[in-house]
Amino acid sequence: MSNPLTIFQVAGQAMSAQLVRMNTTASNLANAGSVASSADAAYRTIKPVFRTQYDNASGLATVNVEQVVTAGQDPTKRYDPASPMADKDGNVWESAVDETREMVDMMETSRSYQNNVEVMQTAKSLILDTLKMGR
Amino acid sequence: MADNTLFGVHGNALEVRSQRMGVLASNIANASTPGFKAKDIDFQSALSSLESGSGVDTGMAAATKYRVPNQPSMDGNTVELSTEQTAFAENAVQYQTTLSFLNGRIAQVTRALKGE
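One line per chain: the protein sequences are A and B, in this order. Residues in the first sequence are numbered consecutively from 1, following this note's numbering. Residues in the second sequence are numbered consecutively from 1001, following this note's numbering.
None of these hints come from the bench; they were simulated from the model. Where a beta carbon is used, it is the ideal one built from N, C-alpha and C, also for glycine. Mixed in with the good hints, there may be bad ones.
In silico contact screen, one side only, chain A against chain B (beta carbon under 7 Å); selected entries [as the list claims (entries may be wrong)]:
1) P4
2) A11
3) G12
4) A14
5) V63
6) E66
Covered by chain A, according to a simulated footprint, are these stretches of chain B (three or more residues, beta-carbon under 8 Å) [unchecked claim]:
7) 1043 to 1050
8) 1060 to 1072
9) 1092 to 1106
Cβ-to-Cβ under 8 Å is the rule here; a few derived chain B residues that face chain A [unchecked claim]:
10) L1006
11) F1007
12) H1010
13) A1025
14) A1029
15) N1030
16) A1031
17) T1033
18) F1036
19) T1078
20) L1113
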């Protein structure tokens, strides 16, 4: 962290942050509708917390994932005595993953990732052109 | 200041464009960070402060302003992707323009030195 940020680090770190977000979305969607035999054991939606990282030396700012937290609604209790996961009263707890919201999140993540790739490509070609100056 | 006689305004212009590219990249990187305030460099004032001989750091800091969003979002983030993408593309083209001015000047001086 001692060296000043470059434009490549700005875009690169933003891409890894978006990748963490994509991973949490994938986990959420994979566990949508999964059941457990208690409310504590049931899956809960996880979300990353983004935090801006400022660099005063270069005036740039990039983004990091500060932590990953559980969010969203509590698991829903459902009476299903036939399920192998049912407790002694015949109840199961189903994870409350908002699938629509996760899909929207996934699309936004992918767009942000693409934007950062575009920034990196443009910066790269401009810097290479600058290197060739005067030839 | 001495190199201004050879390259005119274009050396400083390239510096400002390069700094602005970094600021716009920071905005795009933070497009989904709650509470992030987008910034931009006012090219005109940054260039004139560099031309008047102030350092890059002080000149850029004075010319960097917060962007006023057209439609503020509820999470306090003022990055509007369409605005940022347009500004980034515009800045990239302007950077290349400045670069070709510099290349033209270098070619011109080289030709004069060779005496062709």
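The hints, checked one at a time:
1. P4: With Cβ-Cβ at 10 Å, over 7 Å, it is violated.
2. A11: Since the shortest Cβ distance to chain B is 6 Å, the answer is holds.
3. G12: 9 Å, violated
4. A14: Result: holds, 4 Å to nearest chain B Cβ.
5. V63: 5 Å, holds
6. E66: It is violated, given that the least Cβ distance between A/E66 and chain B is near 10 Å, above 7 Å.
7. 1043 to 1050: This one is violated; 0 residues, fewer than the three required, reach chain A with a Cβ under 8 Å.
8. 1060 to 1072: holds (count 3)
9. 1092 to 1106: holds (count 7)
10. L1006: 12 Å, violated
11. F1007: 11 Å, violated
12. H1010: Interface hint status for B/H1010: violated (11 Å vs cutoff 8 Å).
13. A1025: 5 Å, holds
14. A1029: Status holds, d = 4 Å.
15. N1030: 5 Å, holds
16. A1031: 6 Å, holds
17. T1033: 4 Å, holds
18. F1036: B/F1036 check passes; min Cβ-Cβ to chain A is 5 Å, inside 8 Å.
19. T1078: 12 Å, violated
20. L1113: Violated: closest Cβ of chain A sits about 13 Å from B/L1113, beyond 8 Å.
Of the numbered hints stated above, those contradicted by the structure are hints 1, 3, 6, 7, 10, 11, 12, 19, 20, listed in ascending order.
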